[in-house]
Amino acid sequence: GSAAPAGSAAATPAGGAERAKEVTVFAAASLTGAFTALGQHFEAAHPGTSVKFNFGSSATLAQQIAQGAPADVFAAASPATMKTVTDASLASSPTTFVRNKLQIAVPSDNPAKVDELKDLADPKVKVALCAEQVPCGAAAVKALGAAGLKVKPVTLEQDVKATLTKVELGEVDAALVYRTDVIASAGKVQGIAFPEADKAINDYPIAALAKAPAGELAQQFVGLVLSPQGRDVLTKAGFEAP
Amino acid sequence: MTLHARLVVTRPAFTLDLDLDVAAGEVVALLGPNGAGKTTALRALAGLVPLSEGEIVLDGHPMHTLAPEQRPIGMVFQDYLLFPHLSALDNVAFGPRCQGASKAEARRTAAALLERVGLADRAAARPRQLSGGQAQRVALARALAVRPDLLLLDEPLAALDAHTRLGVRSELRRHLADFGGATVLVTHDPLDAMVLADRLVVIEDGAIVQQGAPAEVARHPRTDYVARLVGLNLYRGLADGPRVKVGELLISTSERLEGAAFVAFPPAAVALYRSRPDGSPRNLWEARIDGIERHGDNVRVHLEGPVTAFADITPAALAELDLAPGQTIWASVKATETHAYPA
Amino acid sequence: MTLHARLVVTRPAFTLDLDLDVAAGEVVALLGPNGAGKTTALRALAGLVPLSEGEIVLDGHPMHTLAPEQRPIGMVFQDYLLFPHLSALDNVAFGPRCQGASKAEARRTAAALLERVGLADRAAARPRQLSGGQAQRVALARALAVRPDLLLLDEPLAALDAHTRLGVRSELRRHLADFGGATVLVTHDPLDAMVLADRLVVIEDGAIVQQGAPAEVARHPRTDYVARLVGLNLYRGLADGPRVKVGELLISTSERLEGAAFVAFPPAAVALYRSRPDGSPRNLWEARIDGIERHGDNVRVHLEGPVTAFADITPAALAELDLAPGQTIWASVKATETHAYPA
Amino acid sequence: MGAATEHHRTAPARPPWVLLVPALAGLAFLVLPLAGLLVRAPWSTLPARLAEPYVLEALRLSLVTATIATAMSLLLGVPLAWLLARTDFPGRRLVRALVTVPLVLPPVVGGVALLLVLGRRGLVGQWLESAFGITLPFTTAGVVVAEAFVAMPFLVISVEGALRAADRRYEEAAATLGASRWTVFRRVTLPMVMPGVVAGAVLCWARALGEFGATITFAGNFPGTTRTMPLAVYLALETEPEAAIVLSLVLLAVSVVILASLRDRWVSAP
Amino acid sequence: MGAATEHHRTAPARPPWVLLVPALAGLAFLVLPLAGLLVRAPWSTLPARLAEPYVLEALRLSLVTATIATAMSLLLGVPLAWLLARTDFPGRRLVRALVTVPLVLPPVVGGVALLLVLGRRGLVGQWLESAFGITLPFTTAGVVVAEAFVAMPFLVISVEGALRAADRRYEEAAATLGASRWTVFRRVTLPMVMPGVVAGAVLCWARALGEFGATITFAGNFPGTTRTMPLAVYLALETEPEAAIVLSLVLLAVSVVILASLRDRWVSAP
Ligand SMILES: Nc1ncnc2c1ncn2[C@@H]1O[C@H](COP(=O)(O)OP(=O)(O)OP(=O)(O)O)[C@@H](O)[C@H]1O
Ligand SMILES: Nc1ncnc2c1ncn2[C@@H]1O[C@H](COP(=O)(O)OP(=O)(O)OP(=O)(O)O)[C@@H](O)[C@H]1O
Ligand SMILES: [Mg+2]
Ligand SMILES: [Mg+2]
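Protein chains in written order, with the working numbering: chain U, 1 to 242; chain H, 1001 to 1343; chain R, 2001 to 2343; chain V, 3001 to 3270; chain S, 4001 to 4270.
Do not take every clue at face value.
Examples of chain V residues toward chain H, derived with CB under 8 Å [unchecked claim]:
id	residue
1	E3172
2	A3173
3	G3178
4	V3188
5	P3191
Don't read these hints as lab results, they were simulated from the structure.
The model shown is predicted, which means the values in this text are computed figures rather than measured ones.
Note that beta-carbon positions come from the ideal geometry of N, C-alpha and C, so glycine has one too.
Can you make the complete structure from the sequences, with help from the hints?
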């Protein structure tokens, strides 16, 4: 993608701000595909600039920003992680740029014959959910609550990708994951939409950081994400407009 | 328990090639200068060094195809190799345990053996808490504890003090007499060899240079090393009746021989004179003093000249002659004190 | 380079308490039975064992407060402790390198020393490729290479063959004579002690039991251990004019003494008879044969009775008397062969 | 000059600066971040957080699984180390390098690899389930397997190093006393390399205790059965970093106490 | 009876079953999951994926940082191991247990701890920045620091084990030859425990190579500067799991080749 040669990049993104124009974006790992594409668009639109991404878990990124990481833009996978950054007055007025909706994921051969949410309550069906502490887990709790279902999962995964892996490998018969993940799995899992998903929608907020070394460019990147072009890329990846 | 072995071990700078036969109950002492291959021979017998060629047959059964632990041997190593993590008692009990004895039984055997080598009170000590001599006695007890058919001893008495040595030596003799196995013993001490061995095998540079009964070897040494070992001056020359020509020197002897021959005489038989004496001794030569050292109650004088020789004289004689290294002197030996035999 | 030391080392089952003075250029041999504390004393001098009490003063400077590496010592260990990862040459060059010599210089020194101990051709060998005797010679060269003020030798000649021993021993003597330092030598070999040492210090069970010039110690042993070392029978008794009462036995001597006294006589002076003889020897007793062993060309007979004694007789006499262990016999010693001195 | 007071120490034993300085630097480097955690820890709320039952549950599970995984690693790993150090077979160098695979593999990938082999549809797992009815994923046994997979190489490699450094002549001496190779191993080799085995076991146990990626991937995360401390820490990190620090400190404190009290006892023996 | 053909082998050297069976079981356990990965790997697309420049970049970065981290660990860790094994000071047991802290700490928490201390606002980092203008987080140097923090304890503990198993009398002999403690260390101790040091370095290198949590937390995940292979694997898992397997296999293959070719050379010396 934006590969600057390793040597010149040894200067920290912060130090490089005046010389080469550089935007450093801290983004949730689930945005990897879409944001990498957007980065290329941005570089094309602003010749002479480069976009550097730091993908990771939203919580880790928030920690790093709190510890003084030289970030320009933060795109989180949950409002809660964004809140830790805004609470520390490191950013103000985040904007929700996409939302993500849950689906039931089942292995492509669907061995447990799952086709609606209440099938997950069957004790013979092995279900994986995300842990409550991570956004997809919180959403799952909400959705199941809305449906009035008691599901006993075999595992509470640390992130949605791990949950999806369990389905892909057939270790569980069903899981609640995001639509984007089902799309990214390229047919290895089947996604089943369910109505209660609307009650548990996860918002992705984005903000330019207060002390952004790249200054103006940070705002411009946020602008690109919020622009129709940005929305287009993101919806192709399975995200929904807010 | 007859041992018949041909041991060939080839190393870059050294070759061992040895025929060794030890009868049941016989004790063979392997003697030789440092680096002659004595330890290598023992290790080959134990299976710790692979044979390049040859065979080891114990009582008609080939043994060289067996792993070391399958050979009915007991071995005392030159540097003991006591297990550092086991007490003296458990070191000795190790072998019997391996042979299937119960723990109590093995310890009983071990305690008895430690008692025999005089270390009953050190049974609980770790090897590092033992003195050198104590460690070697434990190693001896450990090797005896397996009741081997073939006992291999690499300088088993070297670190023992005179007193203990006497006791352990007799004990060892008694033990060797007890069991019908073959014993190969490496030692540097001629006394140990004489007392313990039925036969001496002298090796130099990997090959046998002389073997025979101790007294026979002592009387008729065939190499310098053996001669020094038994404390004789030895020369090889050409005999013609009662004389043997050694280099420039004609040595008169009491025997009459023809052809290649050895002549030997003890250092004590060499008399020294400041000026050329005028007496009966037929063998007289001029020599330079190369060194003087005390030797027991006497003094040993190293002589260079037509032949290299040692002379033992009393301290009184030394004082009287006022000898010093570098000095030239006359040496003589009576023909009756020399001993000649075919080479 | 005068050494003055008081060494006290306390262990659970053993206490060493020794006063040791060695003059400049003097060689003191430390003798004693296994476990007497000889190695412990050397290690205390080297600083490898902490003193419980006492001091070590070399040439007026206290040394016991220094770390081992700061003491001007050279040490040969009983089990060599050659560095396994270095060649023989580099083992010897180690000390000079530590003293600041250049690599080339240190190697030159080392090569010269290896030459002296006759191992020039094994310079490149690793310790594991050396025979036991070769290893000990390298250890000796390594200790000499640091040109120490105080040389500590723990059985430096024990693993050497008779021939090499002679050479290394003279070399060692020459070297010891060369430098003005003090030398403490541990050995079990009375011959080494006699040849190399100016003074013997005999310790038993951590304490000095006798010291003096070698000849003096040899002539007047004061303990069983020393007597055996020098090959004498020794008894302690009560003298009353020309007789000494030892247990039940009255031994006539050629000296006249009063009070506590030692009597000593060589095993060769003991004559044996099958029945009570009727002759001049004044000292006669009945004894039981406890053991018989070859001893050089002779036979050594162990006697139990009112006193324990050894008798050396010729093989011919043995055959004639037809002796066997367990038998009762008469033993006699002429008064002129005994030697009495105050205890 | 008698220096009467100094008698009892002979060597002043001051470590040389050239060793002491890097050693202390290294120590500071390893220990300072811990200080950072201690400074950041929410001491006031600590007792309350510790009282929560899930902490004790996760801690207990961590200690039990790490200990079982270490035992399993000792059982399989010490013989493997012996095989690598003491026998000669074609391809030994390759096998030795393969042993380091689980070290290099990112733990999450390690977990995926374990699923591929031991999972419900895995190469071996399939057969385990149909033949014995054993499923490892999502069970405590699965946690042990994941931890052992990640931690065993540490044991194997450090024990192999210790075996190579050991003096083999003692093994020869044991053979001449009639000891079979197994007896030699058990009664001579093993006791002599015990410090190396203990070091390896410590590494293995500590690594198993801190293991996260492979465990959550292979065994999942369910309170009581598979949620070990590191998993609890990770999840706490998502929402309340303070709680994560507390949990980490608990894990650390317990492991430091256990290691400090056990090790000298094991190590001092030989 | 002559067995003329068998002369050249003396001991038949068959390893005992009681060791061979667990050793092979252990080996299978460690290597089988790798087989699982190999089976699942998308062989057809593999060449194309390998050709992507970021793979080479991440691989190079991983190898370089792991090697520097290992060098740094050797420099600081071997003296620390020596201090723990060869000197006696109050609290030594505690210090030794503290060295295991980075092992037990979940790596992500380790990364947080590093940020707390060496971050721009950290205890030490603050001062580093103002005094020297050095910032570690989000730089390649930060990757090295994170890897060293996580991997060094492996080196320290296995070297300490090796030091404890070594025969100290050789060190005494060196001291009598006038060698200072530093010379003794350098010329006697270190060469004699070399197999243990090599084993420790291998562990350390492999652990550094596979390090993920502390690196991503402390150093971030920037292509070219801090994105090592394990981080690339993590991201690939987000987008195309197949690619993750390929990347893991590349990392493995390279490390196995390096270890297989280097180790015997180092180990055979003493
Ligand atoms: N492992 C080895 N590799 C190479 N050469 C060796 C090895 N072991 C011994 N040698 C050499 O082989 C020769 C014979 O050694 P060996 O140990 O058998 O001698 P030895 O007769 O026992 O001597 P000593 O009386 O000094 O113990 C020596 O020259 C020695 O240096
Ligand atoms: N590290 C130790 N711990 C406890 N006791 C020891 C230790 N080292 C030696 N001893 C004991 O101290 C006594 C003296 O041992 P030392 O090694 O000094 O004897 P030695 O006179 O050198 O004997 P040898 O002639 O057999 O070498 C012995 O009883 C020995 O068992
Ligand atoms: Mg030998
Ligand atoms: Mg001793």
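*asked:* Hints numbered earlier in the text: which of these fail when held up against the supplied structure?
replied: none
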